[in-house]
Amino acid sequence: MATDAPSLPLGDAAEVRPLRKKRPRPADAAFHAAALGAVTITMGALVWLLGAILASGLGSLDWAFITDPVSTSAERAGFNSALRGSLVLMLITITVAIPIGFAAATYLEKFAALSRSQLEGNAYARQRRLHEMEAAGATGFGVTLKRLEVRASFLWARIGPPVNRAVEVNISNLAAVPSIIYGLLGLALFVSFVGLQKSLLSGGLTLAILVLPIIIIASREAIRAVPVSIEQGAMALGATRWQAVSRQTIPAAIPGMLTGTILAMSRAIGEAAPLIVVGGVAFGTQTPSINPTEANDTPLFAMPLQIFDWADRPQQDFLDLAASGIIVLLVVLVLMNAVAIFLRNKFSRRW
Amino acid sequence: MDTDGAPRLARRRRRPLEQATLLLLGAAALVSVLVTAGIVITLITEGAPFFADVNVMDFLTGSVWEPVNDTYGVLPLLSASLMIAGIAALVAVPLGLGSAIYLSEYAAEPVRRTIKPILELLAGMPTIVLGFFALDSITPALQSIGLIDENQIFSALSAGIVVGLLITPLISSLSEDAMRAVPRAMREGAYGVGATKRVVAGRIVLPAALSGVMAAIVLGVSRAVGETMAVTLAAGTQANLSANPTDPMQTITAYIVAISKGEAVRGSTQYQSIFAVGILLFVVTLIINLVAVRFVRRFRTVYH
Numbered sequence: 006m007a008t009d010a011p012s013l014p015l016g017d018a019a020e021v022r023p024l025r026k027k028r029p030r031p032a033d034a035a036f037h038a039a040a041l042g043a044v045t046i047t048m049g050a051l052v053w054l055l056g057a058i059l060a061s062g063l064g065s066l067d068w069a070f071i072t073d074p075v076s077t078s079a080e081r082a083g084f085n086s087a088l089r090g091s092l093v094l095m096l097i098t099i100t101v102a103i104p105i106g107f108a109a110a111t112y113l114e115k116f117a118a119l120s121r122s123q124l125e126g127n128a129y130a131r132q133r134r135l136h137e138m139e140a141a142g143a144t145g146f147g148v149t150l151k152r153l154e155v156r157a158s159f160l161w162a163r164i165g166p167p168v169n170r171a172v173e174v175n176i177s178n179l180a181a182v183p184s185i186i187y188g189l190l191g192l193a194l195f196v197s198f199v200g201l202q203k204s205l206l207s208g209g210l211t212l213a214i215l216v217l218p219i220i221i222i223a224s225r226e227a228i229r230a231v232p233v234s235i236e237q238g239a240m241a242l243g244a245t246r247w248q249a250v251s252r253q254t255i256p257a258a259i260p261g262m263l264t265g266t267i268l269a270m271s272r273a274i275g276e277a278a279p280l281i282v283v284g285g286v287a288f289g290t291q292t293p294s295i296n297p298t299e300a301n302d303t304p305l306f307a308m309p310l311q312i313f314d315w316a317d318r319p320q321q322d323f324l325d326l327a328a329s330g331i332i333v334l335l336v337v338l339v340l341m342n343a344v345a346i347f348l349r350n351k352f353s354r355r356w
Numbered sequence: 108m109d110t111d112g113a114p115r116l117a118r119r120r121r122r123p124l125e126q127a128t129l130l131l132l133g134a135a136a137l138v139s140v141l142v143t144a145g146i147v148i149t150l151i152t153e154g155a156p157f158f159a160d161v162n163v164m165d166f167l168t169g170s171v172w173e174p175v176n177d178t179y180g181v182l183p184l185l186s187a188s189l190m191i192a193g194i195a196a197l198v199a200v201p202l203g204l205g206s207a208i209y210l211s212e213y214a215a216e217p218v219r220r221t222i223k224p225i226l227e228l229l230a231g232m233p234t235i236v237l238g239f240f241a242l243d244s245i246t247p248a249l250q251s252i253g254l255i256d257e258n259q260i261f262s263a264l265s266a267g268i269v270v271g272l273l274i275t276p277l278i279s280s281l282s283e284d285a286m287r288a289v290p291r292a293m294r295e296g297a298y299g300v301g302a303t304k305r306v307v308a309g310r311i312v313l314p315a316a317l318s319g320v321m322a323a324i325v326l327g328v329s330r331a332v333g334e335t336m337a338v339t340l341a342a343g344t345q346a347n348l349s350a351n352p353t354d355p356m357q358t359i360t361a362y363i364v365a366i367s368k369g370e371a372v373r374g375s376t377q378y379q380s381i382f383a384v385g386i387l388l389f390v391v392t393l394i395i396n397l398v399a400v401r402f403v404r405r406f407r408t409v410y411h
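Protein sequences appear in the order of chains A and B.
Our numbering puts the first residue of the first sequence at 6, with every later residue one more than the last.
Our numbering puts the first residue of the second sequence at 108, with every later residue one more than the last.
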């Protein structure tokens, strides 16, 4: 129907520009190049960084470096005290942070999401049971307790949802607080107030508080990934909500929760700032015990602290030692991440 | 129907243990509130005695920070923190946004899946490592191009550059998430009327993802202000009110480290001063984080 086309200025076919031919667009090419350049520069910096560390650190990295304790002489100084210190720190941190973190995540994800009307429903159910008890003529302590429970659940129906929301906002804010502030908290709370002194225990507890929000956020995501239908299925068969959550949802979410925890621990193991505030930089040649129950009496040793101590000195020998320490730290980090990835790939399920 | 013979449903068993467990779980969630309260309370109670010795206005407006002479004017520390964060933003915003645009608009899926974890490696790098990198590589590089003096070790510039590298993956990752959330239909519509990739990225995707992108940048800056180890190693420990980015400077965080490294006696003004500057750091990062939240709320557009 080309002849029907109105007065389009297309006299003969020769004047029609071929569609497919691309005009050169310098601005587009430049934009593409700039975006690619940004990625290249960033990755280049990473390569430069790793190269620089290997170049300075490989020379002084040998088995003796791993087994020797700290020393004031660069030739004899080793990383063993720092490794032991970090190991104990991680044990303390994980023991404290996992139970609290997993419990808080379970609560926030599964029990705090109830709306006011659902909570009121629970409260009315309790009230009905109270009335039944009263109608049956029951008296005494049990009834008084039930009355209190009914009161409390009506109160919770009103204040619960806003309180839970506040807790959630609070956790995401905590995750953005600079780590050195946690150090100040640890210094005032554990070192001075509780009286644990500048010990591995104080450091481990401080790191536990630091990673708690990260563990909670990651665990909540893992729990959320398990479909609600699993839980509803269990409840349809007569399980209570807690039974459904604890026997169906949580076991299915555990690999994800552990993956998040390992990633949080890999943040903790590289943290130096809060530890310096809590414990200073340890001197002397003492070898810290790897028995966590003695952590209370052990000065704070840790890999990032040792690296800082060495990097902070002007002599080139110590700078090289710092690089060797960084290599060891990075190897540990890579191993931790490998475990996390393995867990995720091995146990993750698509629902 | 014989009602007596019908099985009775109802009457759930009471499970007191379950109630107790739930209370325990709730208590664990409350720990996070206690942590926040603990931070605020310890900063205030340990920092308050400092302001008995030092006038608050003198502290906030003083331009000389010499703890050994009992002169506590916080401006040198604050300006150093902000300047390093500013340099970091100058480095990280182009790199981070460029990477985000490349990953979300240009890169093929396998390329994206390879590059993204590599960038995240940089984000997971302990900051002490970046401090070492600044001392070992960035500073010598700056010396060799003549930006800083041959025998000068510390500079705000060097610290700002590594902190910029540190927050680049943060900005790129969060921005990319925001860009990928922009619906495909909007892109296709623009391509349909003849837009090129550059136009789609710059005029469609970026404005549509603006809230997320701005929040990413602000969070990156907040992270830079609170960054400690890299700036301590690279910028030095000499409080210095200067507008010259090549000068050595001491940030708020570096001051806290410098005092903690030594043996400040509990109760001394120096010991109290780290809590006083801690309050300032906490407030500054809190304000920046609140700005990020505001950005997200203000410019958020929900697509269906």
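It should be emphasised that the hints constitute simulated quantities derived from the structure, not laboratory data.
The reader is advised that the hints may include incorrect statements.
As the list claims (entries may be wrong) - Capping the alpha-carbon separation at 20 angstroms, the derived lysine to any residue pairs in SDA-like fashion look like this: (1) A:K203 to B:G369; (2) B:K223 to A:A38; (3) A:K151 to B:P314; (4) A:K203 to A:T298; (5) B:K368 to A:P319; (6) B:K304 to B:R291; (7) B:K304 to B:P290; (8) A:K203 to B:K368; (9) A:K151 to B:A127; (10) A:K203 to B:A127; (11) B:K368 to A:A38.
Said to hold, decoys possible - For the chain B half of the interface with chain A, some residues (derived, Cβ under 10 angstroms), not all of them: (12) L129; (13) S139; (14) A214; (15) T234; (16) V289; (17) T339.
Glycine included, each C-beta is placed from N, C-alpha and C at the ideal position.
Between the alpha carbons of K368 of chain B and A38 of chain A, is the straight-line distance 20 angstroms or under? Violated, at about 46 angstroms.
Below or equal to 20 angstroms on CA atoms is what counts here, so check K368 of chain B against P319 of chain A. Holds - the C-alpha atoms of P319 of chain A and K368 of chain B are around 16 angstroms apart, at most 20 angstroms.
Does T234 of chain B pass the interface check with chain A, least Cβ-Cβ distance below 10 angstroms? Cβ of T234 of chain B sits 7 angstroms from chain A, so the hint holds.
Once the shortest beta carbon distance from L129 of chain B to chain A is found, is it less than 10 angstroms? With a minimum Cβ separation of about 6 angstroms from chain A (threshold 10 angstroms), the hint on L129 of chain B holds.
Have a go at the S139 of chain B hint: is there a Cβ in chain A nearer than 10 angstroms to its own Cβ? For S139 of chain B, the interface hint holds, since the closest Cβ of chain A sits about 5 angstroms away, which is under 10 angstroms.
Take a quick look at whether K203 of chain A and K368 of chain B sit within 20 angstroms of each other, Cα to Cα. 12 angstroms, holds
So if I understand the rule, the pair passes when the alpha-carbon distance is 20 angstroms or less; does K223 of chain B with A38 of chain A pass? Holds - the C-alpha atoms of A38 of chain A and K223 of chain B are around 18 angstroms apart, at most 20 angstroms.
Would you mind confirming whether the straight-line C-alpha gap from K203 of chain A to A127 of chain B stays at or under 20 angstroms? Roughly 36 angstroms between the alpha carbons, so the hint for K203 of chain A and A127 of chain B is violated.
Please work out if K203 of chain A and T298 of chain A have their alpha carbons no farther apart than 20 angstroms. Answer holds: K203 of chain A to T298 of chain A is near 15 angstroms, not above 20 angstroms.
Please verify that hint: V289 of chain B, Cβ, nearest Cβ of chain A, below 10 angstroms or not. 16 angstroms, violated
Does P290 of chain B lie within 20 angstroms of K304 of chain B when you go C-alpha to C-alpha? Holds: K304 of chain B and P290 of chain B sit about 15 angstroms apart, inside 20 angstroms.
Take the C-alpha atoms of K151 of chain A and A127 of chain B, compute the straight-line distance between them, and say whether it is at most 20 angstroms. 15 angstroms, holds
Hint violations for this structure: numbers 3, 10, 11, 16, all remaining hints satisfied.
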